[in-house]
Every structure is written in structure tokens, then in C-alpha cells.
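S.K.: Chains as they are written, first to last, in this note's numbering: chain A, 82 to 624; chain B, 2 to 316.
Just so you know, not all the hints are guaranteed correct.
Here are the computed distance ranges between Cβ atoms for each label pair [claimed, not checked]:
| hint | chain 1 | residue 1 | chain 2 | residue 2 | range |
| --- | --- | --- | --- | --- | --- |
| 1 | A | 555 | B | 29 | 40 to 50 Å |
| 2 | B | 114 | A | 252 | 50 to 60 Å |
| 3 | B | 71 | A | 430 | 47 to 57 Å |
| 4 | B | 29 | A | 620 | 53 to 63 Å |
| 5 | A | 139 | B | 91 | 27 to 37 Å |
| 6 | B | 117 | A | 269 | 47 to 57 Å |
| 7 | A | 455 | B | 91 | 24 to 34 Å |
| 8 | A | 240 | B | 131 | 27 to 37 Å |
Rather than coming from a laboratory, the hints here were simulated on the basis of the structure.
Owing to the predicted nature of the structure, the values given are computational and were not obtained by experimental measurement.
The C-beta atom is built at its ideal place from N, Cα and C for all residues, glycine as well.
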Amino acid sequence: MIWNLRRTDLLAVGLALLLAWVVIYPILIVAADAADWAAVRAFLTRPGEWAALWASIWISLLSVVLAAAIGIPLAFLFEWFDFPGRKTLGALIALPVVLPPLVGVIAFLFLYGESGFVARAIQAALHLEHAPWRLQGAGAILLVHAYSMYVYFYLFTRAGLAKLDVSMLEAAQALGASTRATVWRVIIPLLRPSLVGAAMLTFMTALGSFSAPYIFGGGFRVMTTQIVATKLNGDLPLAMVETVALAVIAVAGLAILRGTEGDDILVALGKGIAPRPRPIRRAGVRRLATVAGWGLAILLLLPHLTLALVSLVPYGAWTTEILPPVINLENYRRLFSEAERLRPMLNSLWMAAASTAVAVVLALAGGWLVVRQRVALRRVIEGLLALPWALPGTVFAIALAITFSVNAPLQLRFVLVGTAVILPLAYLVRALPLTGRGILASYRQLDPTLEEAAASLGAGRWRTLARVTLPQLRPGLAAGASLAFVAALGDIVASIVLYTYETRPVSIEILSSLRLAETGVAAAFGVVLMLVSAVVLGVGARR
Amino acid sequence: MTAFLQIQAIEKRWRSDVTVGPITLDIARGEILALLGPSGSGKTTMLRLLAGFETADGGRITVANEEVTAVPAARRRFGMVFQHYALFPHLDVGQNVGFGLRGRGQKISEALALVDLAGYERRKVHELSGGQQQRVALARALAPEPRVLLLDEPLSNLDPALRERTRRELRQVIKRVGITTVFVTHEQEEAFDLGDRIAVLNNGGLEQTGTPEDLYERPQNLFVATFVGRANVFRGNAARALGARDGTVVVVRPERLRFAGAGLPGVVRERRYTGAGAFFLVEGDDENRFEVLAEPDAARVGERVYVEATRVIAL
Numbered sequence: 082m083i084w085n086l087r088r089t090d091l092l093a094v095g096l097a098l099l100l101a102w103v104v105i106y107p108i109l110i111v112a113a114d115a116a117d118w119a120a121v122r123a124f125l126t127r128p129g130e131w132a133a134l135w136a137s138i139w140i141s142l143l144s145v146v147l148a149a150a151i152g153i154p155l156a157f158l159f160e161w162f163d164f165p166g167r168k169t170l171g172a173l174i175a176l177p178v179v180l181p182p183l184v185g186v187i188a189f190l191f192l193y194g195e196s197g198f199v200a201r202a203i204q205a206a207l208h209l210e211h212a213p214w215r216l217q218g219a220g221a222i223l224l225v226h227a228y229s230m231y232v233y234f235y236l237f238t239r240a241g242l243a244k245l246d247v248s249m250l251e252a253a254q255a256l257g258a259s260t261r262a263t264v265w266r267v268i269i270p271l272l273r274p275s276l277v278g279a280a281m282l283t284f285m286t287a288l289g290s291f292s293a294p295y296i297f298g299g300g301f302r303v304m305t306t307q308i309v310a311t312k313l314n315g316d317l318p319l320a321m322v323e324t325v326a327l328a329v330i331a332v333a334g335l336a337i338l339r340g341t342e343g344d345d346i347l348v349a350l351g352k353g354i355a356p357r358p359r360p361i362r363r364a365g366v367r368r369l370a371t372v373a374g375w376g377l378a379i380l381l382l383l384p385h386l387t388l389a390l391v392s393l394v395p396y397g398a399w400t401t402e403i404l405p406p407v408i409n410l411e412n413y414r415r416l417f418s419e420a421e422r423l424r425p426m427l428n429s430l431w432m433a434a435a436s437t438a439v440a441v442v443l444a445l446a447g448g449w450l451v452v453r454q455r456v457a458l459r460r461v462i463e464g465l466l467a468l469p470w471a472l473p474g475t476v477f478a479i480a481l482a483i484t485f486s487v488n489a490p491l492q493l494r495f496v497l498v499g500t501a502v503i504l505p506l507a508y509l510v511r512a513l514p515l516t517g518r519g520i521l522a523s524y525r526q527l528d529p530t531l532e533e534a535a536a537s538l539g540a541g542r543w544r545t546l547a548r549v550t551l552p553q554l555r556p557g558l559a560a561g562a563s564l565a566f567v568a569a570l571g572d573i574v575a576s577i578v579l580y581t582y583e584t585r586p587v588s589i590e591i592l593s594s595l596r597l598a599e600t601g602v603a604a605a606f607g608v609v610l611m612l613v614s615a616v617v618l619g620v621g622a623r624r
Numbered sequence: 002m003t004a005f006l007q008i009q010a011i012e013k014r015w016r017s018d019v020t021v022g023p024i025t026l027d028i029a030r031g032e033i034l035a036l037l038g039p040s041g042s043g044k045t046t047m048l049r050l051l052a053g054f055e056t057a058d059g060g061r062i063t064v065a066n067e068e069v070t071a072v073p074a075a076r077r078r079f080g081m082v083f084q085h086y087a088l089f090p091h092l093d094v095g096q097n098v099g100f101g102l103r104g105r106g107q108k109i110s111e112a113l114a115l116v117d118l119a120g121y122e123r124r125k126v127h128e129l130s131g132g133q134q135q136r137v138a139l140a141r142a143l144a145p146e147p148r149v150l151l152l153d154e155p156l157s158n159l160d161p162a163l164r165e166r167t168r169r170e171l172r173q174v175i176k177r178v179g180i181t182t183v184f185v186t187h188e189q190e191e192a193f194d195l196g197d198r199i200a201v202l203n204n205g206g207l208e209q210t211g212t213p214e215d216l217y218e219r220p221q222n223l224f225v226a227t228f229v230g231r232a233n234v235f236r237g238n239a240a241r242a243l244g245a246r247d248g249t250v251v252v253v254r255p256e257r258l259r260f261a262g263a264g265l266p267g268v269v270r271e272r273r274y275t276g277a278g279a280f281f282l283v284e285g286d287d288e289n290r291f292e293v294l295a296e297p298d299a300a301r302v303g304e305r306v307y308v309e310a311t312r313v314i315a316l
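Kindly produce the complete structure, drawing on both the sequences and the hints.
M.R.: See below:
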């Protein structure tokens, strides 16, 4: 049995090394290569660099504020008040979370862009010569961020409120606290872990956001777009310095937010009975809440409806009219009948599937070693699985691009850039925290006596895995895997740095369709991406 | 007695200061052995060593002269009923019972009939009551016809009213199957009722093995005397007053004490009425306290009494 113990430790070392090789090693290489004096000086002296760095910081912070301002009141409205349509609407307004960022961005473009639906309508109504506005710059980026990231605050706050014990609110009232005092002195402090969690997620997403600044930024640059632009200009040393700078901001931001998190007191106190939603009594207020709720839902869903509409308009058919004159399925027919259009779809599908499958296997091995075997390296393995979450996707994209464009087998560096392997590898790195978190959490909840029961009934290791362990891990596994799959399917951050023409994914095809003004095809791609994502996430969330 | 299951100097070292064993025990074919002890006594470790979930640091386990010490749980053919049953929540009752059978469907209904749950095959596990879950767990453990049945606190999850009835049914099923059984409990009553023989464990060591009567009437040490059943411990003068030789410690069961005209003097401090009788807490003159079980009206609180013993256990 001592021999057996050594074997699990060996497996743990092997897994830790493998994870370190894909997760940390490329970052270390970039950090080492970034110590290039000329590049550092260029970074420090060029005003454009500082502007982009500063822009990344304040855009991210403002995104957090805006998302909180929309998401938190919505959560209270839907968790605490009852009005017609509460359940349906409550689910509908969580929808943006299932959409790949790029799809949301182009949907926004088609709706609010200068040649979009709304602008056109206003232009026609007021007989203007030009579009009434240009959707560009920091304001446009913030608008898209607020629109797509309020969901984090909405979902986290609702989850926090659902855990709240109604007796605590009653206690506050019995002690004579007013409603306002109850909110500020009881509810908000208890919700703090949820709110900080949402803030961290929003900050990281905003900092790593690429599609919105890329499409709407114009001359306004943030670090993610700046890095890609520098890389495309061929100034690799400078790109590496920028990458390190972005990574430093991300880590610092996370550390600061972590410090404010506090313990999860709600969990520590155990589960109480959540307050039941109160029906709104006054008819006028009730009607107002209903109208506002539905109005909001339509406003939030409008971009996606627009995307669906645009996808039905054939090339060149819609010029100056308010409503499209022709509607048919021409774009979809081209999508599925032209080999060159079908290829990016198949590319994205197999690359997302492959990276998700490997991420699931690695997370399962990690879960078994960390939770069940409690190997000495368990903290290292868990940390490596979670790490990619703490750094923006652009950082990993650049790190992989640099590490795996050199053939130096002794340094464990191989030429993978330009092959079909590099994009799935990049997706895999981003998938690890998602599958890792889901599977580790499920593993921790899994009663070890179930596996012992299987063993005492004569089931060997593999039969126990297939018949007991995997079925029990299924919810966490499916949730993690579906999130990882959808993230890979809609990825643009890594793809734009690492793709080749042969392996180009859907996101790249959408961008090139937009460049060729084939908005209908781009929209059709977006709709397909949206539907596949929604179906996959729906399957993944099934209990 | 031919030993079917032999435990020879089995030992498990958790840390240098926490060890279980070495313990040696022989269990006959068809016998039900209780491992009785307080929490932390090592009884659960013993059961897990038998099941193969823990590996022994010394000693051997043999079944029918076949050594199984290093045989993994999956190939040991020992059935186990877990404290919280460990029924697979994603499988129905029939699939749970059939898990160890590998497709011999007829055995499932036989096993369910054995525990009086015939026709429950398609039920979901969470739809069952605690008592039914316990029986499914028993049927599942017995279905593959294991060589030994192990039960970990088999009744601790049931409410007290159900426990006594389930205990009898459990013993009936085990005896009908005739399987050699080892079970763990921390309750003396359960050990007496269910076990043919009891092994008392304390601090990782075996204190005494014997029938319920052996343990109650002839405990070998103070731990067994006080852990198994109620016991009054007397030393010095009090012991001498009850007829013991100098320097011995004597143990007397409350029902073996009675009020008399002469003997150990004391004052009744409390009376606890139990219906059939009453426990009288008596404070002796040298301030030791002891319990007398007697007729409800044998004495009053505050009364000065003399107590004599009808049977003493000298240690």
C-alpha cells in the first residue's frame, strides 16, 4: 500500500507539472522576455501606452459601478416584489450572460450603431442628413459593458438575497430599525461577499474585454486592444511589456477586491428561510412595476431581436429604409451550403469540444487527487486550475503565441503556432477554471461512503467511476463543461492572436464578414452562435 | 467453536500516539459479534479494516482460512451497511440492490422480499422512510451473498420508537440468512439485543469479549463494569461494609443492592421513579454516592437507611 501512496503522489506531480506547463510557464517566459530595456523604456515614455493603461483601469472600475447600479436594484425588485410576469422576466433578464461577448457587441452595433436600427429611425423621423450619433469611444464601450455585465450583480445579489434569513430582518425591525437602517446595517453587510464576488467578476471581465473596445473603440485604446495592435505591428518586445502590465493590473485589482470580501457569513450561519416576495398591493404601483419590468426586458432583448432580423436580410437589400424591404433565409442558406462558410463553424465546434473534453479530464483527475486522495500538492493543483481566471485572456494569448512559436524541445517549447493545436490549447487554458471549479465543488459534496459502498459491492475503480462517481458529479461537471464549451465557441480574444486561415473560428469569420459589409452573414453567424450557446447551457444547467 | 473469521493482532497506527490494536478476535460461522465502545475507542476503525477501506499496519485477517488482509474491498466479498446507508441517490431501489449482482435480476426481488420490501424495485431512494432505506441498504449488502456482513451503527439513524422493532427484524433476517456478522455500536442495549457475543473496545484496545451475561455479571475490569450497564463502585470502608476483602474494589449493580436493617449506612438524597421501580440515590457516610433499584415505596427522600448487597463483583 505504501507503493500505492507513492503512485498517487507521482500522478499529482505529473498533473501539477502538466498544468504548470500550459498555465504558468508561458507567463514566466513572457515575463522574462519582457525584461527588455528598450521595450520597457518605450512603454514608459510613450504617452499612448499610459493612456491605454489608464483607460483599462477606469473603464473597468466604471463598468463595475454601472453594472452594480443596474443589477442590484433589479435583483431586489425581482427577489422581493411580486408582480405579473416576475418569474419569466426574472429569467429573461439573466439572458445576456449566456451570450458570447462578440455576439452581444455586434447586436448592439446593428441596433444602436450609426447605421443601426434606432439611429436610422431617428434620422428618418427628423429628416436628418447624417446619423444622429456615432456609437464610438469610451461611452460606447461602457454602454456595452453595463448592458452585458449587470447580469453578474443581478445573479449574485439574487443568490445572496435568497440565502438571507427572514428572521434577521424581523429581528432588526423588532429592535426598532427603520427600513433604511435595515437595508444599510443588516442587508448590505450580509450581502457583502456576494457583492464583492460580483464586483470581482465584473472587473475581471471588463479588464479582459476585447470585443467592445475592438469594435467600438475607434481611436480609443485599452490595454487588450493595444496589445493586439502592437503585436500585429510586429513590435513583439513592446507587446510583451504591455502584457505584463495588464497582468499586473489584473492581479492587483483582484488582490484589492479580495481584501474587502470578508468571510461568507451567510454560509457560516447556516441556511435560514428566505423572505417571500411581497405582492405589490396598490394597483397603480403594480401596473407601473409590470410595465417597467416588461419594458426593461424588451429593451434588454432588443439587440438580440435586431440581430435575428438583420440575419434575415440578404446582402445589399437594405440601404436607407427604416425596415428591411426583403426578408428571407438566403444568409443561412449560404452559411450552410458554402464550404468556406461552413468551415469556421466546424472549426469552432471541434476545437471547443476538444478543449472542453481535455479540461474535464484534467479537472476530474485534479478533483480526485485534491479531494479524495488529499495529495501533498493539492493546493498547488487547485491553484493552477483556478489561475487562468485571474488573468485576462489576452495575456494568455500573447504568452502562448510567444512560448510556442519557438522550437526548443529542451526548454519544452515547440512550434505550435500555426498548427491546429494552438487554438484548442488556448481554449483549454481558459476552460480549466470553469471545469475545475464545477468538478471540485461537486467532488467536495460527494459522500465518500458512496464510493466505499460501491467497492464493498464488488465494483472496481472504473466501474465505481462510471456508475457512482460520474453520475454524482454530473451537475457540476455539466455546468462547468457547458460554460467552458460556450466560452471557447464564442472566443475572440485568443482567436484573433493565434488563428490561421485554415483553423479560423466563427468569431474571426464574423469580423471579416463585417469588414466586407456582409452584415447579414455576420448576423446569421451570430444567431447560430447564440442558439448553440443557449442550447448547450440549457442542457448543462439541467438537474 | 471453529473460527470462520479470524482477526490476528490487527493493528492500525494513525499517529504515533493514536493507535488501534493489536486486537485478536475469533468469530464463528453464523455468529453475530458486536463491537461496543465509546466514540474514539477504535470500533469504527476495526470495522473499516475488516471491510478493506483501511489498510492494516500489522496483523492478519482470514476468512475460512483464506488470508484477506491485503485484498481490496472490491474483491473481499464482505457486505457492508453504512451508518447513513450510502444508497446511490441516482439509482432506484432495484438498481441499488442489483448494483453488486451484475445483472442477475431475479436475486433483486429475492433480496427485497427478504427485508419485506417486495415490489419496491422502481421506487426512488429519497421517497422511502428511514426504516425502509435501512432495509434497502441491508438487502443491497446481502444480495451478492457476501461471506461476512458488516454493519456500522445500523440503527443510529432511526428514531427511538422504530429502533427496537427494527433491531429484532434485523436479527431475524441475519439469522435466517445465517451470515457471519460484525456490527459497531456505542449503545449497550443494542449490543445486548442484537449480538450473540460482544467485544468491548476502549482507547484502541480490546477490554473483554463475551456474551452479554458474561460482560454484565463477570466484567474483568472497571471500564467494562461501568460501561456495560449501571454500576456502583465501592472502595475502602464502604467495600468492607459490603463484605469485601481489604484493598479490593467492588462493583455492585443497583438491582443487587437492597435496603436492610443493617449494612452500609447512608441518607436517601433523590428518588427517580421509573414505573416498575425507583432508583434511590444514596449518599453514604464517607460521602460516596450510589444507586439502589428497589420497589417504588422502599424508602423516602431524606430517610436514613442501611444498604446490603445480594451480589458483589470483586475486581
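S.K.: Measuring from beta carbon to beta carbon, are residue 29 of chain B and residue 620 of chain A in 53 to 63 Å?
M.R.: The hint (53 to 63 Å, Cβ to Cβ) holds, given that residue 29 of chain B and residue 620 of chain A are roughly 56 Å apart.
S.K.: In this structure, is the beta-carbon distance linking residue 139 of chain A and residue 91 of chain B contained in 27 to 37 Å?
M.R.: violated, 50 Å
S.K.: Does the hinted range 50 to 60 Å hold for residue 114 of chain B and residue 252 of chain A at CB?
M.R.: holds, 54 Å
S.K.: Could you tell me whether the CB distance from residue 455 of chain A to residue 91 of chain B stays inside 24 to 34 Å?
M.R.: Because 25 Å falls inside the window, the suggested range holds.
S.K.: Within 47 to 57 Å: is that where the Cβ-Cβ distance between residue 117 of chain B and residue 269 of chain A falls?
M.R.: Once the Cβ atoms are compared, 56 Å apart, the range 47 to 57 Å for residue 269 of chain A and residue 117 of chain B holds.
S.K.: So the hint says 47 to 57 Å: do the beta-carbon atoms of residue 71 of chain B and residue 430 of chain A match that?
M.R.: Hint holds: Cβ distance 48 Å, inside 47 to 57 Å.
S.K.: Tell me if the beta carbons of residue 555 of chain A and residue 29 of chain B are separated by a distance inside 40 to 50 Å.
M.R.: With a Cβ separation near 45 Å, residue 555 of chain A and residue 29 of chain B satisfy 40 to 50 Å, so the hint holds.
S.K.: Assuming the hint says 27 to 37 Å, is it satisfied by the Cβ distance from residue 240 of chain A to residue 131 of chain B or not?
M.R.: holds, 32 Å
Violated hint: 5 only; the structure is consistent with all others.
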